[in-house]
Amino acid sequence: MSGEKIRLNTEWLCDCGGCHVALVDLHEKILNVLDSVTIQHCPVLTDIKDYPEADIGILTGSIRTEHDRHAAGEMRKKCKTIIAFGTCAVYGGLHGAGLAHSREEIVDRVYRHNPTTRTDTVPDSEVTELAKLVTPVDEVIDVDLYLPGCPPHAHFIFESLATLIEQRAPRVTQDTVCARCNRQMVKSEVNAIKKSLDGVPDDNICFLSQGYICLGSVTLDRCLAPCPNHGVACTGCAGPTMQILTEPNRDIRTEVSDRMSRLTAIDGETIKTHMERTAKTQYAYAMATKMIGNKPTFLIKKWIADVEAGAHG
Amino acid sequence: MGKVLNIQPVTRIEGHARIAVHLDDAGNVENAYMSLMSLRGFEKFIEGRPAEEVPRIVNRICGICPWMHHTAGNKAVDGCFGVTPTETGQKLRELLQVMAHINDKILHFFFLAAPDFVLGPDADYSVRNVIGVVKAAPELATQVVKMRQLGQMMIDRFAGKAIHPVAAVVGGFSKPLPEAERQAMLRDTRTLLDFSLYALDFAKNNVFSKYLGAINQLGVITTGFLGTVDPADGSLRLFDGRQRLMKADGSYVDFDGADYLDYLGEHVEPWGYGKMPYARSWNEGFSLDLDAPKGIYRANTLARINVCDKISTPHAQAALEEFRAAFGRPAQATLLYHYARLIELIYACERTMELLNWDGITDTDVRAKVEPKAGRGVGIVEAPRGTLIHDYHTDADGCIASANLIVGTTHNIGPMNMSVKQAATSLIKDGHYDQGILNKVEMAVRAYDP
Ligand code: SF4
Ligand code: SF4
Ligand code: SF4
Chain A
3 MSGEKIRLNT EWLCDCGGCH VALVDLHEKI LNVLDSVTIQ HCPVLTDIKD
53 YPEADIGILT GSIRTEHDRH AAGEMRKKCK TIIAFGTCAV YGGLHGAGLA
103 HSREEIVDRV YRHNPTTRTD TVPDSEVTEL AKLVTPVDEV IDVDLYLPGC
153 PPHAHFIFES LATLIEQRAP RVTQDTVCAR CNRQMVKSEV NAIKKSLDGV
203 PDDNICFLSQ GYICLGSVTL DRCLAPCPNH GVACTGCAGP TMQILTEPNR
253 DIRTEVSDRM SRLTAIDGET IKTHMERTAK TQYAYAMATK MIGNKPTFLI
303 KKWIADVEAG AHG
Chain B
240 MGKVLNIQPV TRIEGHARIA VHLDDAGNVE NAYMSLMSLR GFEKFIEGRP
290 AEEVPRIVNR ICGICPWMHH TAGNKAVDGC FGVTPTETGQ KLRELLQVMA
340 HINDKILHFF FLAAPDFVLG PDADYSVRNV IGVVKAAPEL ATQVVKMRQL
390 GQMMIDRFAG KAIHPVAAVV GGFSKPLPEA ERQAMLRDTR TLLDFSLYAL
440 DFAKNNVFSK YLGAINQLGV ITTGFLGTVD PADGSLRLFD GRQRLMKADG
490 SYVDFDGADY LDYLGEHVEP WGYGKMPYAR SWNEGFSLDL DAPKGIYRAN
540 TLARINVCDK ISTPHAQAAL EEFRAAFGRP AQATLLYHYA RLIELIYACE
590 RTMELLNWDG ITDTDVRAKV EPKAGRGVGI VEAPRGTLIH DYHTDADGCI
640 ASANLIVGTT HNIGPMNMSV KQAATSLIKD GHYDQGILNK VEMAVRAYDP
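Chains as they are written, first to last, in the working numbering: chain A, 3 to 315; chain B, 240 to 689.
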């Protein structure tokens, strides 16, 4: 019987563990999955420490150390289909902020210039060295399928596993978060950008119309829009849409400022400048992918320097 | 030169760790380490970001306990901006944080730790996992999966996102709790409370009594403890209160979270990315020496159960009394972390009920008015893995100027190293070891649930 089962390996690279919890949280569906899948290497659940041959390999997290690179390589060798699972694996994720901060700056902040740390030691033995930059998985191995989301919603996880188990085409759409959001885009007379802590937003109207930045329209829906449907704007944790990634002159800030200026009385340039000033937040999850990092329109280092110059000037 | 046994990765824990046991020529343990394998550096990433956005960013430090970072981050930003959240807003934060404790404890005990006890530590490694438990005890497993689902769905329904939440905001909470939702939560929490009482009974009869020998030996070390208590009566608190730092002899000091720098320091060794906090206020320095540790205290469930004078809810208090009668205060045996975890599971369910039964919980005044400004805020909650400290400074624009984070797990990195060394030294003799023995060394780490 078990010969018929699909063999699954999972591995976590540099990540928060949330994607693996999301897998466990298929809840009763995990019991269904177990009927047709044999879970082999899966550090959070099993004690199988090597990498057996497998049909499916799920990789979460991004490449931070030599160890991560090695583990990704082993998974590629042993698994027929590799899924880059979660925003970290697909785009580098939040800790892909390497474009904004060098490894040296980070190490210095954590181990040297830190109010509680009383030693002056930087770990360097028994640990594998940190890579210069954090990178998405597909910069070190070939990836067959991508499932972004931080973490992806169970609906999409189950769909993609079912697709592979039943060997059929996936029924996933390329919709944006807006498609699942219950708010209405309406034209308003709002004339200034609000911070998320200004006032209490109306629950039925699009955040953009109310003057709050929301990244729903530039973000791929792999979450069913929980944030705008629970009172909080989208910050794009599932990563940008294909359109943003592939079209050279379209970008998170150009798209959002266009749309928002049409919905409000705020000038597009003002919105764009605001988003550049807060670029670390607006581009938080996908900075490490070359598709964003190499865009001619993406000048995060300059934007950060401008803000710092402003702060000192 | 002898050899090095590598256990990598340490499995069925919630982080990325490795154990290295160094043997001498005769095959006896010379040294043993448990080290964290990576560093991300959130302290740096959040610099310069608008502080009000940070509580949803720091979630990504840990996908197992995002609600802890989310609530501690919000408290720290409240502090920076000098805002007092509305009472309902604060209680809603606590409600979600305590609910997240329920789900975490179910996940840890049953999904990660139980295979060692249900199937036995020497069971073949290929079946010693939750899937093995599903086969060996299908009814229990189905029940556990259901309970985890009930708990996560309760959070999902109300707050939108259980993993990497967004619903707590600076000044309070993003939305009020509808009455119908409160009723549904009460119903589900009652079920979870029944399950938690059953879980403790199950563990007392099938785990703790059976493995008493192991409990008294495996990974046992002697340390101090850190936890959080109610300032008025010293009872267990998870969401707020004063920090209590206890020495191994049971004497303690209580301090205000904002003063943590006067009490705690962090030590770095070249062999791991994790920093090791220690009790600087004891003025004895830092040492992991098994016979004479210096500055070493532990956090997480056993620590909280040790430092509190009592528990404010009846079922958990009864369980605490029984525990103390059997193991004393402070109890030192490492495997008792599991026992303490189940007592806290009961408390978390009872506390959730208390909060839901509070009249003001459905009030619509959930969010105080907030103005960004320069300041400092220290936000502390008890995360499942220990006292979680977020310390932020903001600039005049309300952006993060600097941040210091002490994450729950890190308090136990020093002690885990000691437990690993203790376990390895007592189990591996004259070059003899096998897969079961190495798993027992891992069990010494698993108890801490890093
Ligand atoms: S994508 Fe998000 S949930 Fe998944 S591992 Fe990365 S940070 Fe965690
Ligand atoms: S921009 Fe945001 S609030 Fe507006 S419709 Fe899209 S997701 Fe909803
Ligand atoms: S931030 Fe946006 S992409 Fe992320 S979960 Fe919320 S709605 Fe989805």
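Among these hints, one or two may not hold up.
[To be verified] In the DMTMM-like style, the derived pairs of lysine to aspartate or glutamate whose C-alpha atoms are separated by at most 25 angstroms in a straight line are:
hint : chain 1 : residue 1 : chain 2 : residue 2
1    : A       : LYS303    : B       : ASP636
2    : B       : LYS608    : A       : GLU55
3    : A       : LYS274    : B       : ASP634
4    : B       : LYS374    : B       : GLU326
5    : B       : LYS374    : A       : GLU55
6    : B       : LYS612    : A       : GLU55
[To be verified] Cβ pair distances, simulated, as ranges:
hint : chain 1 : residue 1 : chain 2 : residue 2 : range
7    : A       : GLU168    : B       : PRO377    : 56 to 62 angstroms
8    : B       : ASN596    : A       : PRO172    : 53 to 59 angstroms
9    : B       : ARG563    : A       : MET293    : 38 to 44 angstroms
Derived by calculation from the structure, the hints in this document are not laboratory data.
All C-beta atoms, glycine included, are put in the ideal place defined by N, C-alpha and C.
These are the hints, each one checked on the structure:
1. Restraint check for A:LYS303 and B:ASP636: the C-alpha separation of about 20 angstroms stays at or below 25 angstroms, so the hint holds.
2. Distance hint between B:LYS608 and A:GLU55 is unfulfilled; the C-alpha atoms sit about 57 angstroms from each other, more than 25 angstroms.
3. Restraint check: the Cα-Cα separation between A:LYS274 and B:ASP634 comes to about 23 angstroms, which is no more than 25 angstroms; the hinted pair holds.
4. The hinted pair formed by B:LYS374 and B:GLU326 fails the criterion: a straight-line CA distance of about 47 angstroms is larger than 25 angstroms.
5. For a cut-off of 25 angstroms, the pair hint linking B:LYS374 to A:GLU55 stands: about 23 angstroms separates their Cα positions.
6. For a cut-off of 25 angstroms, the pair hint linking B:LYS612 to A:GLU55 is broken: about 56 angstroms separates their Cα positions.
7. The beta-carbon spacing between A:GLU168 and B:PRO377, approximately 25 angstroms, falls outside the hinted interval of 56 to 62 angstroms.
8. The hinted window of 53 to 59 angstroms between B:ASN596 and A:PRO172 is violated, with their beta carbons roughly 45 angstroms apart.
9. Between B:ARG563 and A:MET293 the C-beta distance comes to about 58 angstroms, which lies outside the given range of 38 to 44 angstroms.
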